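Peer 1: Chain by chain, the residues:
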Amino acid sequence: MTDNSTKAKVEKGLARRRRNELIFRSAGMLATTVGVLFLGVFFFTLIQNGSSAFQQSFVLVDLEFSEDILAPDGELDLEYANFDAIPRNALRAKFPDVTSRSERRELNRLLSISAGYIARDMIEDDPELLGQTVQVWVPAASTVDMLLKGNIDREIVESLRPISDKQIAWVDELVSNERVRKQFNTALFTNGDSREPELAGIRGALMGSFYMLLVTVVLSLPIGAAAAIYLEELAPKNKWADLIEVNINNLAAVPSIVFGLLGLSIFVNWASLPRSAPLVGGLVLALLTLPVIIIASRAAIKAVPPSIREAALGLGASKMQVVFHHVLPLALPGMLTGTIIGMSRALGESAPLLMIGMVAFIVDVPQGLSDPATALPVQIYLWADSPERAFAERTSAAIIVLLGFLLLMNLTAVIIRKRMERKW
Amino acid sequence: MSERSAIDDQPAQGASGITPPAPVQESALVNAIADKPDSSATDGEFKTVGEYRCQNPYLVAENVDVHYGSNHAIKNVSLEIGKKEVIALIGPSGCGKSTFLRCLNRMNDSIESAVVSGDIRLDGEDIYSKSLDPVVLRARVGIVFQKPNPFPKSIYDNVAYGPRIHGLAADRAELDEIVHSSLERAGLLEEVKDRLDDPGTGLSGGQQQRLCIARTIAINPEVILMDEPCSALDPIATAKVEDLMDQLAQEYSIVIVTHSMQQAARVSRRVAYFHLGHLIEVNDTDTVFTNPEHKLTEDYITGRIG
Ligand SMILES: Nc1ncnc2c1ncn2[C@@H]1O[C@H](COP(=O)(O)OP(=O)(O)OP(=O)(O)O)[C@@H](O)[C@H]1O
Ligand SMILES: [Mg+2]
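In order, the protein sequence lines correspond to chains H and R. 362 is the number that the numbering used here gives to position 193 of the first sequence; each next residue is one higher, with no gaps. 264 is the number that the numbering used here gives to position 263 of the second sequence; each next residue is one higher, with no gaps.
FYI, nobody ran anything at the bench for these hints, they're computed from the structure. Owing to the predicted nature of the structure, the values given are computational and were not obtained by experimental measurement. Glycine included, every Cβ here is placed at the ideal spot set by N, Cα and C.
So these bits of chain R aren't anywhere near chain H, every CB distance computed over 12 Å:
id: 1; residue: Y157
id: 2; residue: G207
id: 3; residue: E243
Taking lysine to aspartate or glutamate and the DMTMM-like style, the derived pairs with C-alpha atoms no more than 20 Å apart in a straight line are:
id: 4; chain 1: H; residue 1: K408; chain 2: R; residue 2: E113
id: 5; chain 1: H; residue 1: K488; chain 2: R; residue 2: D134
id: 6; chain 1: R; residue 1: K131; chain 2: R; residue 2: D66
id: 7; chain 1: H; residue 1: K406; chain 2: R; residue 2: E113
Pulled out of the complex, with its shape left as it was, chain H reads as follows (with noise of 0.2 Å):
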């Protein structure tokens, strides 16, 4: 007699059932290991290229501020006075046999082209220093760095390497002679762009790719939250409303570089905008994010409960009333975090801004919304075209720098989400 219970019927299927799920389970597994393996090698190779770019070899001199070089006529000008010469002739002591003009001309390569600035910084900080030597750490040439660091193959040809072999011999010599060291490279977040590896940093990026999310989220924000609520809460639903749903769902699957073009054309031929300003990277950026935005908030928006909305409305309270005492209180954490998502998307973004001219070289850091600026995203682009070695390492450390943000960014939605999120 077969047994025709519930109970058999059920044990019957268990072992297909328990299959199914372990092969689910070692599929989804596989899936994420997979995953966090392509991502352990990127992180990898991203910080083993991109860590040494944060340290930058320095060469001690010693600064003799003679009054012959810098003021031959008794009368110091910070404008024409040759600073240049004095890193040079302090390398010069140190190395008494360099005589040959081609020589002394490699000798010079070895330091920074900074140094002679830092001469004249010197000066003007504090004139009472002509005439006397100062020890001073100078950052050495990239040339010199990229020895130190490991980065140029010694064995190589002369020829083929951008530093001689005079040159590596001198350098070994300071290095026996303790006046070489690496240290913290600040320029790296104080400078702007740079033909000169060493003096190349990305404070000029970064402020033009904050000045770019300030106008983005200024705009965006009270943009998107109030599409969102007037499209939840007031609009009629009629077939304008799933008209106007498709289209910004549709906008946000658009290309970036086709709002580049569209802000080109706007912003920058119509309106007349300053080209290659943070103002209209902005602008763009706004258009850009604002589906994003409208749709994470209209999706906040309605995971506020009818009955919440329906108890505040049977109170007596308005419409109005209803959206900003119950349903933005319980959906701006969700409005937030797309926000944020928005932004960090924005913060990536390097093709629309390519079509508004913020490609451009900018060495001096932007002061305004309508100084010329470039973004962190695009300075990587230029950077990663370099054929300089050391450029390469920057460039790497430019995106851990971007990626920093990002990671931050990111955190910061889900710390709102977790801290904001309420039950009911």
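Based on these hints, arrange chain R with the ligands on the given structure of chain H.
Peer 2: Structure of chain R with the ligands alone, referenced to chain H:
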């Protein structure tokens, strides 16, 4: 204001403007009614038995129809609710009690598909007229919903919300007083007086329901609509709410939907029996429970329907 409802689009002039598709159940009901010789139904046109009028009418519904899209949920219902009267709406699940109740303070406005037609007057004033702001109406006709829905705010703020938005309290002390007395009257004060700042959503289901009652009576409405206010309450809390109703009925009108015959018998003076969207019978509570005029009412109270 962007309060929208189909009512705004068409004048509230009875059901003459619309010809809804006849639902299938209609014929079944008419047959059931036809079984009883003394039925007043004639060929689909239905008349409520008993007395839907009352002596001192305050809230008057006449020829009210409600459609949810193609679903005809309330069919030509007329009912008068007297001043200082407790009237109970009873009937099987899905017969339209909640729907009718929600018409009385225009809560159906917020349901997209709901179309209300007919005449509803509060103290002689058409509540669906354009000149009447639903905000004022709902402050005068309060509602306690079938499912407890406290705000995710503190207990205090839940009760204080209505008085705050309507400016009912001059200062903090007065607001405190309103909150305390409302909680007291809803029979909740004892349990929550030490934790007024705790979230209202952290209370038990029955406590939440009493919080919602307190929230509604805090704005001192003239009519209170209660949709199964005791469905989540234990007998003690139920007794407290029933006491409250007795007390409120000294001044206000109360419309209560209930599935409990005993409760209807205890608290109400009149009972209205709904069936499939029709108002079948309205009579004094005693009459309904001892000697119902309509066969459907009799079947329901004796447990044969529902
Ligand atoms: N929001 C709505 N949208 C569409 N149809 C609805 C809606 N609310 C109620 N209905 C329909 O209207 C009819 C009456 O529902 P209603 O909620 O008024 O019943 P009820 O008498 O309160 O029942 P219960 O005792 O179960 O609460 C039902 O057929 C229901 O399906
Ligand atoms: Mg109901």
